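Each chain, letter by letter, is given below.
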Amino acid sequence: MDRNQSHRNRKRMLKALHFAALFMTMSIICIPGLWIVLNSFRPTVEIMAKPPVWTPSFTLEHYRAMFGGAGEGGVPVFSYFRNSIIVSVVSTLIAILIGMSGGYAFARYRFKGKAGYFVGLMLFRAVPGVALSLPLFIVFARVGIIDTHLGLILAYVAMNVPFTIWLTDGFFRQIPKELHEAAEIDGCNRWQAFWRVEFPVARSGVASAAIFAFLTSWNEFALASQLTRSVGSKTMPVGLLDFTAEFTINWGGMCALAVLMIVPALILTFLVQKHLIAGLTFGGVKG
Amino acid sequence: MSRRRLPEWFVLLLPAFIVIAAVVLIPLIFSLYSSFTPYKLTRPSTLWKWVGTYNYEKILTDAKFWAAFGRTVLFLTIVLNLELLLGLGIALMVNKVTWGQRSLRTVLMFPMMFSPILVGFQFKFIFNDNIGLVNNVLQSMGFNAALPWLVDGKLAMFSIMFAEIWMSTSVFAILILAGLFAMPRDPLEAAKVDGCTAWQTFRHITLPFLMPFIYIAMTIRSLDVARAYDIVQIMTGGGPARRTELLWTLMSRTGYVDARMGLANAMGYVSILLSILFTVYFFKKLSAARAEIGMAG
Amino acid sequence: MKNTKVLRALFASAAIVAVGESALASDWGSYEGITVEAKLIGGQQYEGLYGRIADWEAATGAKVDIISKKSHFEIDKEIKSDMAAGTTKWCVGSNHSSFAPQYEGLYVNLNDHVSKDDVAGFVGGNINASTVGGELLMLPRAQFDVSVLYYLKSNYEDADKAAAFKAEYGYDLAVPDTWDQVKDQAIFFADPPNFYGTQYAGKDEAIVGRFYEMVVAEGGNYLDENNKPIFNSDAGQRALQWFVDLYAAKAVPAGTTSYVWDDLGQGFASGTIALNLDWPGWAGFFNDPESSKAAGNVGVAVQPKGTATRTGWSGHHGFSVTNDCANKDAAVSLVQFLTSEESQLAESAGGSLPTRTSVWEANVAAAKAGDDPFRAESLAAFAEGAKYAFAVPPIPEWGETTNIVFPELQAAIVGDKTVKEALDDAAAEVDELMRESGYY
Chain A
4 MDRNQSHRNR
14 KRMLKALHFA
24 ALFMTMSIIC
34 IPGLWIVLNS
44 FRPTVEIMAK
54 PPVWTPSFTL
64 EHYRAMFGGA
74 GEGGVPVFSY
84 FRNSIIVSVV
94 STLIAILIGM
104 SGGYAFARYR
114 FKGKAGYFVG
124 LMLFRAVPGV
134 ALSLPLFIVF
144 ARVGIIDTHL
154 GLILAYVAMN
164 VPFTIWLTDG
174 FFRQIPKELH
184 EAAEIDGCNR
194 WQAFWRVEFP
204 VARSGVASAA
214 IFAFLTSWNE
224 FALASQLTRS
234 VGSKTMPVGL
244 LDFTAEFTIN
254 WGGMCALAVL
264 MIVPALILTF
274 LVQKHLIAGL
284 TFGGVKG
Chain F
2 MSRRRLPEWF
12 VLLLPAFIVI
22 AAVVLIPLIF
32 SLYSSFTPYK
42 LTRPSTLWKW
52 VGTYNYEKIL
62 TDAKFWAAFG
72 RTVLFLTIVL
82 NLELLLGLGI
92 ALMVNKVTWG
102 QRSLRTVLMF
112 PMMFSPILVG
122 FQFKFIFNDN
132 IGLVNNVLQS
142 MGFNAALPWL
152 VDGKLAMFSI
162 MFAEIWMSTS
172 VFAILILAGL
182 FAMPRDPLEA
192 AKVDGCTAWQ
202 TFRHITLPFL
212 MPFIYIAMTI
222 RSLDVARAYD
232 IVQIMTGGGP
242 ARRTELLWTL
252 MSRTGYVDAR
262 MGLANAMGYV
272 SILLSILFTV
282 YFFKKLSAAR
292 AEIGMAG
Chain U
4 MKNTKVLRAL
14 FASAAIVAVG
24 ESALASDWGS
34 YEGITVEAKL
44 IGGQQYEGLY
54 GRIADWEAAT
64 GAKVDIISKK
74 SHFEIDKEIK
84 SDMAAGTTKW
94 CVGSNHSSFA
104 PQYEGLYVNL
114 NDHVSKDDVA
124 GFVGGNINAS
134 TVGGELLMLP
144 RAQFDVSVLY
154 YLKSNYEDAD
164 KAAAFKAEYG
174 YDLAVPDTWD
184 QVKDQAIFFA
194 DPPNFYGTQY
204 AGKDEAIVGR
214 FYEMVVAEGG
224 NYLDENNKPI
234 FNSDAGQRAL
244 QWFVDLYAAK
254 AVPAGTTSYV
264 WDDLGQGFAS
274 GTIALNLDWP
284 GWAGFFNDPE
294 SSKAAGNVGV
304 AVQPKGTATR
314 TGWSGHHGFS
324 VTNDCANKDA
334 AVSLVQFLTS
344 EESQLAESAG
354 GSLPTRTSVW
364 EANVAAAKAG
374 DDPFRAESLA
384 AFAEGAKYAF
394 AVPPIPEWGE
404 TTNIVFPELQ
414 AAIVGDKTVK
424 EALDDAAAEV
434 DELMRESGYY
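Protein chains in written order, with my numbering: chain A, 4 to 290; chain F, 2 to 298; chain U, 4 to 443.
For the record, the hints were derived by calculation from the structure and aren't laboratory data. There may be inaccurate statements among the hints.
[As the list claims (entries may be wrong)] If we take Cβ atoms under 8 Å as the criterion, some of the chain F residues that face chain A in the derived model are:
id: 1; residue: Glu9
id: 2; residue: Leu13
id: 3; residue: Leu14
id: 4; residue: Pro16
id: 5; residue: Val20
id: 6; residue: Ile21
id: 7; residue: Pro28
id: 8; residue: Ser116
id: 9; residue: Pro117
id: 10; residue: Gln123
id: 11; residue: Ile132
id: 12; residue: Trp167
id: 13; residue: Leu224
id: 14; residue: Ala227
id: 15; residue: Ser272
id: 16; residue: Thr280
[Stated by the list, open to error] Per label pair, the in silico range of CB-to-CB distance:
id: 17; chain 1: F; residue 1: Thr107; chain 2: A; residue 2: Gly119; range: 35 to 41 Å
id: 18; chain 1: U; residue 1: Gly373; chain 2: A; residue 2: Thr62; range: 28 to 34 Å
id: 19; chain 1: U; residue 1: Ala123; chain 2: A; residue 2: Val40; range: 51 to 57 Å
id: 20; chain 1: A; residue 1: Pro55; chain 2: U; residue 2: Gly441; range: 49 to 55 Å
id: 21; chain 1: A; residue 1: Ser60; chain 2: F; residue 2: Cys197; range: 54 to 60 Å
id: 22; chain 1: A; residue 1: Leu63; chain 2: U; residue 2: Ala372; range: 37 to 43 Å
Quick caveat: nothing in here was measured; it's all calculated off a predicted structure. Cβ coordinates follow ideal geometry from the N, Cα and C atoms, glycine included.
With the hints as constraints, model all of the structure from the sequences given.
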């Protein structure tokens with residue numbers, strides 16, 4: 004009886020501890036982000052107040068100002084948003100196509116120096132953006148694609164292709180060759196067989212590669228700040244800097260833009276999160 | 002007809018090769034060349050003056066460069082290890098939860114959606130010693146001090162590490178969690194029957210199974226360790242008094258503000274080498290771990 | 004903050020309406036069908052002026068295409084990248100007196116395009132600071148910066164404080180006129196972490212600029228005539244000691260070494276800083292109850308002096324025309340328009356300082372006649388302060404030296420090095436840079 008009691012107590016304590024630790028962790032993960040959201044709705048005086056004001060008041064001032072005209076602290080949010088969407092979506096699609104064909108080559112063909120090619124491709128992904136930004140700028144300037152969507156799209160495709168190859172390679176390898184052969188016997192050509200047989204199986208891998216590529220492009224800053232100039236091509240991370248002037252950082256405004264930046268990423272990730280986990284693990288581990 | 006002569010695998014890989022050559026390889030060759038010149042952005046003619054290994058000699062004998070280099074390695078070592086440990090802990094905790102696991106998993110992914118530059122601004126704001134959340138909370142709890150989070154050498158290092166860990170621990174947590182889901186039940190049951198303690202089970206059964214997942218996470222992370230640049234640049238810019246100076250901040254200041262691109266590109270090459278070392282190391286580990294549990298393709 | 008901006012914008016647009024007629028009446032030339040590409044500095048306080056570009060377009064028939072609008076340091080980075088890539092066909096660029104010497108060969112000498120009489124309309128000091136190696140590289144706009152002393156008036160209206168101060172320091176408590184008095188009073192007023200005596204910029208070019216003006220105020224200089232560093236002189240050590248002492252006495256916020264302008268401005272606006280050397284752009288902000296806890300309690304006085312003279316590090320914004328511009332005449336016309344008397348009147352109505360003598364006079368007179376005593380007080384302080392203004396050394400390496408010097412200054416302030424060690428180390432490194440750059 005006594006032992007049972009203490010055992011139960013211990014179990015209860017462990018449970019409480021587990022819950023407390025989990026709660027702490029989740030709070031640490033959430034609070035910084037929620038703080039941004041909260042501050043986007045607070046008046047500047049309150050954000051800056053000393054001593055701090057803990058009961059938040061609500062204002063849409065920052066959003067109104069952001070969408071407002073140039074004189075009232077407006078930023079061309081729509082243009083930034085559009086640029087970000089165009090660049091991220093197009094570069095993701097292209098990266099997926101190129102990466103998938105590369106991944107397929109690695110998974111389905113035998114050739115000399117395969118491992119070397121593979122690691123070599125990966126290493127290009129590891130080149131830090133800061134180290135690349137100026138030389139890339141000079142090359143792009145010679146070609147004349149500075150400050151265009153095309154330039155950024157190219158850069159992001161190159162950034163995302165290696166990772167896509169890695170993930171899709173793992174998926175294609177899991178698919179037995181026989182499936183493909185069977186389809187070819189049924190009269191499909193290689194191309195049809197690929198779309199009918201292999202692609203559906205590899206879908207999670209492609210989805211997770213796509214979300215990674217999208218998030219990378221959506222959030223990239225080091226290259227974008229160098230390759231974009233005008234409203235016509237600046238993406239949202241670069242746009243964040245519009246709120247830092249020589250003398251001030253407009254925290255409220257910046258938070259408002261940040262919220263706009265996070266929301267699409269949030270929705271997208273939420274939609275494909277199931278694929279994301281499956282894709283990452285199978286693509287990586289079994290590859 | 003001539004296309005026939007190219008092997009199919011090559012044709013399939015060609016687009017990838019072309020795009021990477023155009024966007025990464027050519028600029029890299031250019032920057033390699035310029036690292037042997039006294040290239041100044043504002044004096045384009047300096048690009049044609051060959052100075053041999055002068056820039057490399059200069060940085061290799063520069064105490065500040067080595068300090069930044071050492072700090073970068075230290076930063077990466079601490080950050081990656083802590084991310085791994087925390088990620089493992091979080092994954093184990095979430096795995097034990099019986100309800101609401103899906104939502105917890107979604108929450109876990111939250112930081113992955115943040116742009117590094119945004120993370121930088123966010124924590125610069127939170128750690129601000131005057132109006133920041135952390136100090137406001139501390140003061141409301143009765144600590145009568147404004148801790149200089151981004152100023153004091155140790156605290157500043159802590160703050161940027163905190164930001165980096167906040168952003169990237171999820172990658173580990175999510176992958177390890179996926180590993181836990183995929184784990185076969187039988188060995189665990191068997192261990193229980195054999196009377197193994199929880200720790201023994203974890204050490205000898207769970208952990209080895211998780212290793213490949215851990216190395217994937219490590220590899221993914223090592224591919225873009227340099228993302229920390231955005232964070233550090235925004236939060237401290239390498240200051241104060243170079244206490245948080247990393248290779249990347251030093252390089253970008255030398256290159257853009259001082260306009261000494263030749264010198265900066267020489268530093269760039271050292272940082273590229275560093276990234277490559279990290280990546281190759283984890284790739285090796287990953288293949289070894291795959292081989293161990295028989296998952297090698 | 005928002006509301007001040009809106010108010011300022013209103014003022015500015017009112018002024019634009021008032022002068023709109025005369026703007027159109029002036030002869031800006033006719034450039035039908037020409038497009039002028041411009042790279043302009045962004046940010047609210049600078050963008051009001053760009054609203055006037057439409058007037059110039061209407062008057063000349065040309066079009067202005069703003070191909071880039073970025074913050075100060077981003078636009079600098081971009082222009083350097085342009086020089087590297089040779090993409091310098093655009094015509095008009097925002098410029099700054101501290102940055103101008105870096106862009107060797109990029110911009111035309113405006114002395115060849117603008118008449119002497121036109122140039123004479125600007126304040127002489129500003130024209131000097133816009134001239135590098137005899138070439139006038141930019142025309143100044145109404146964004147002149149020099150710092151004066153903002154202070155909380157209440158500290159000087161308290162008899163108990165005054166008596167306590169006199170007992171401790173032996174002289175009357177009054178708004179300080181020397182930097183030694185600032186130090187005494189800052190230490191006296193400080194009550195960390197709730198209230199601080201003063202604060203200073205703690206990193207980047209900002210702290211080096213502050214140190215530089217202090218060295219000058221102590222009778223020394225940053226570089227000698229051969230551009231050899233001499234800031235480790237006795238004057239330099241005295242100057243740095245001032246920063247160190249305040250930090251050691253906890254009279255400044257502990258975070259001050261990470262502060263740049265925004266943190267400083269917000270700090271004073273939070274009402275927890277007694278004395279604050281700061282820029283003109285903040286005057287309206289500090290005294291606006293919407294944005295500042297110190298509103299109504301803010302006094303403005305001319306900047307204090309060291310043992311030799313007053314501090315007065317200054318800089319100003321302007322516009323330049325590139326050498327590669329296809330239509331230099333149109334570009335020069337645009338630059339002249341943006342820096343014209345009408346434009347400066349409109350821009351300075353937003354609270355910034357003009358760079359034309361006539362606009363200074365008009366503003367001071369208007370403030371005196373107006374019913375805003377704070378504006379009159381601050382404008383008078385700035386008018387007086389501007390007399391002591393001096394620019395940074397006009398060499399391309401200025402920015403680079405600040406990157407060498409500021410970590411050393413910080414090291415001394417936080418106590419990692421002694422003042423002498425820090426300055427000697429910094430000077431040795433700047434010396435090497437100057438040698439490499441071929442000055443001696």
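Exercise. Of the hints given before, which are not true for this structure?
Worked result: none
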